[in-house]
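Knowing the structure of chain W, use the given hints to seat chain U on it.
Listed here are the chains, written in short residue letters.
Protein chains: 2
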Amino acid sequence: MVTTADQNLVRKFNTGVVLNTIRHHAPLSRAEVAKHTGLNRSTVSQIINALLERKFVQETILQSDRVGRPGLLLELDPAGGFAIGIEIGVDFISLVVTDFLANVLWRQRATSSSQNSIDEILERAYQMTEDGLKKGYSLNLTPLGIGLGVPGLVDLKHGELMFAPNLGWTNIPVTKLWSQRFKLPVFVDNEAKAAALGEHYFGNAKGEGNFIFLTGGVGLGAGIMIDGKLFRGSHGYASEVGHIIMDPDGEQCGCGKKGCWETMVSPRAVIKRFRDTLRQGVPSTVLNAADNDPDNIVFETIVHAALQGDNAAQIAMQEVGERLGFGIANLVNIFNPRMVILGGELNYASELLLPVVRKVVNENAMNLECQDLKIEASAHGRDACVMGAIALVLDDIMHEPNFI
Amino acid sequence: MVTTADQNLVRKFNTGVVLNTIRHHAPLSRAEVAKHTGLNRSTVSQIINALLERKFVQETILQSDRVGRPGLLLELDPAGGFAIGIEIGVDFISLVVTDFLANVLWRQRATSSSQNSIDEILERAYQMTEDGLKKGYSLNLTPLGIGLGVPGLVDLKHGELMFAPNLGWTNIPVTKLWSQRFKLPVFVDNEAKAAALGEHYFGNAKGEGNFIFLTGGVGLGAGIMIDGKLFRGSHGYASEVGHIIMDPDGEQCGCGKKGCWETMVSPRAVIKRFRDTLRQGVPSTVLNAADNDPDNIVFETIVHAALQGDNAAQIAMQEVGERLGFGIANLVNIFNPRMVILGGELNYASELLLPVVRKVVNENAMNLECQDLKIEASAHGRDACVMGAIALVLDDIMHEPNFI
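Protein chains in written order, with this note's numbering: chain W, 49 to 452; chain U, 49 to 452.
Extracted from the complex, chain W is given alone in its bound form (with noise of 0.2 Å):
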């Protein structure tokens, strides 16, 4: 089927390109981004103007060790407005604002809990989003669209949220409350896939077409680049690893089945094992460090007493390590990608974390698959998601510029 493109259509097409050939390579002379876009240098000029002036692109003084004839290079303009990046977590809320660039200009954070009702999680998290556009505006910026990363299962069609495990939510709305509220272009996706862009965008698999993204936090999520794009499945709901079935007799599971890697691997899964430890007889620092009560340690300072040669606390991050390794070794003979990037809480412990991982993987995996493979932390940490709701709002902008 050929699909017939009217002039608007293309013009949005090639100015898509442009942003993006900009983003790729600037500094660059408009000659340079007709170079790399094959389009002719007015149809250059002419988008480059409108791009000027909307401020999605600025001049820059030209660098000096360049050759041929002297002009200004090209940009992104990080005045080309603000966005806001959310992450809806299981205990938390997180909000950024950045500028075009995702250089983030403001944050807060609040932790919530299953105490709270969906209203009232919701609420806070609109007010932290008056407190971010108020913010955006006080810089003279114009506002972009605001990015929303959920845990669970999304209907991209119609922007819902249709079931997230940890938290106990089916069938939010999400777009639709948000758009309603805010007058503004919403986006929303599952967290580990927004995170996974956001890593795309502006982190470590940054230009990295085929990789995977884990992040552990109350569960475990995946979001997988597969060619440049993220994979999402026939329905959308594709890349739920943390359920995948490790020990039909494990664990309970938030998603109501036993034993899903997401019970074996997530912070919460390293306070149990270093509980076991403890029980075990192994003496360890953290204890002491929590009044002696089991009930008071958290993943930080078991990861911290682990840093400092605290033998439960190895054995535990140990354990847990491997755990991770297996599973990823399983997703790296499935996907064959060329990076796997751990995120989230775990990220935390990425220094122990990782070379456990790397050592499972290399000894369980199918050496051709482990070939060029890199297992890398986030760039972003606990910022991963928030900055891929950011991702969600700029790649917008990239692909589908509507302001022409």
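It is worth saying that the hints were derived from the structure and are not from the lab. Accuracy of the hints is not assured; some may be wrong.
One copy or two, it doesn't matter: identical chains are merged, so the pair holds either way.
To be verified - Think about it this way: if two alpha-carbon atoms lie no more than 30 Å apart in a straight line, the pair counts; the simulated DSS-like pairs of lysine-lysine are:
| no. | residue 1 | residue 2 |
| --- | --- | --- |
| 1 | Lys205 | Lys422 |
| 2 | Lys224 | Lys277 |
| 3 | Lys83 | Lys205 |
| 4 | Lys277 | Lys231 |
| 5 | Lys60 | Lys422 |
Given the structure is predicted, the values throughout are model-derived calculations rather than measurements.
Below, chain U alone, put in the same frame as chain W:
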């Protein structure tokens, strides 16, 4: 980046579009081809005249119930040529010759064993190919090409079989060997990936863009179709699902690791489970049929006995069905496919396995992932791979018609 297309490339692309339109919608008129493709009437006529001349397309009798001006309708012409599809299995070689519509004109099958050297097996396959070519020429047809399905990791770029765990082969330059010998277009792919393409072209997944094809023989292979394209991963080694580690302390696998999924669900695993069941004292009619020697028991006998109500055979099939179901549930959570198709030797047992697999998948995959999910047997039984090899040849013509 914009690609500049010369006239020949445009013509080739459009010819492919016309061919595929006729394949999908035949019989249809020239006007309908123009409507479907968006190409103008004279371009369509030029292309169709060339296709008629090449015998890729034929004119068929006008259907009386159609409206509009009378005229001959178009369909693919079986006399367009003949294709050869070969599967080099772990313990057999299978070959079919088909016409341009993939109707089987001739077939041959030979057994092989791990006792045979690589050269012996290749020589046997060459001889069979010679026989197939003779058959095709004797029918006065033009050879279109040779497709090969092989049980291992294939480097598509160089047409090389990199590693076949169950054959113990490494680095066999398949395309080079066959091209030099037969001076015809040669296409090679992993057996399961080829079979998935066959299922997509002329099987139970016809027109379905998101499905997983699983084939069980000595090993367990998969071909995964995503948005109408075979999923290959960054180096082409994706979808090695047979080597997902299900139990790190499990049975030794041909790949060198332990507890891979294929050690639990292949026909070999069924035989093993069945022998275990016998050892546990469950009586069975199968043992009589095998002269009371457990070593004589073959997969087909167990399947047959289970269908006849044999208790031990049913226990073995049930257990393997559950193991299969668990793994498929995980793949469903990962890929959110619309179909899962069971092929290869497992196909014989589909009547027994499908109900168990469907039940276990529904119980263990997330509900939303199972929405509209179909789990079916392959349309081609043990011919799935050879028909896939035919699809490799025809797919190339449909997308890169080189005769123009």
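Hints versus structure:
no. : hint            : in the structure
1   : Lys205 x Lys422 : between (33 Å within a copy, 22 Å between copies)
2   : Lys224 x Lys277 : within (25 Å within a copy, 33 Å between copies)
3   : Lys83 x Lys205  : between (36 Å within a copy, 29 Å between copies)
4   : Lys277 x Lys231 : within (28 Å within a copy, 38 Å between copies)
5   : Lys60 x Lys422  : neither (36 Å within a copy, 39 Å between copies)
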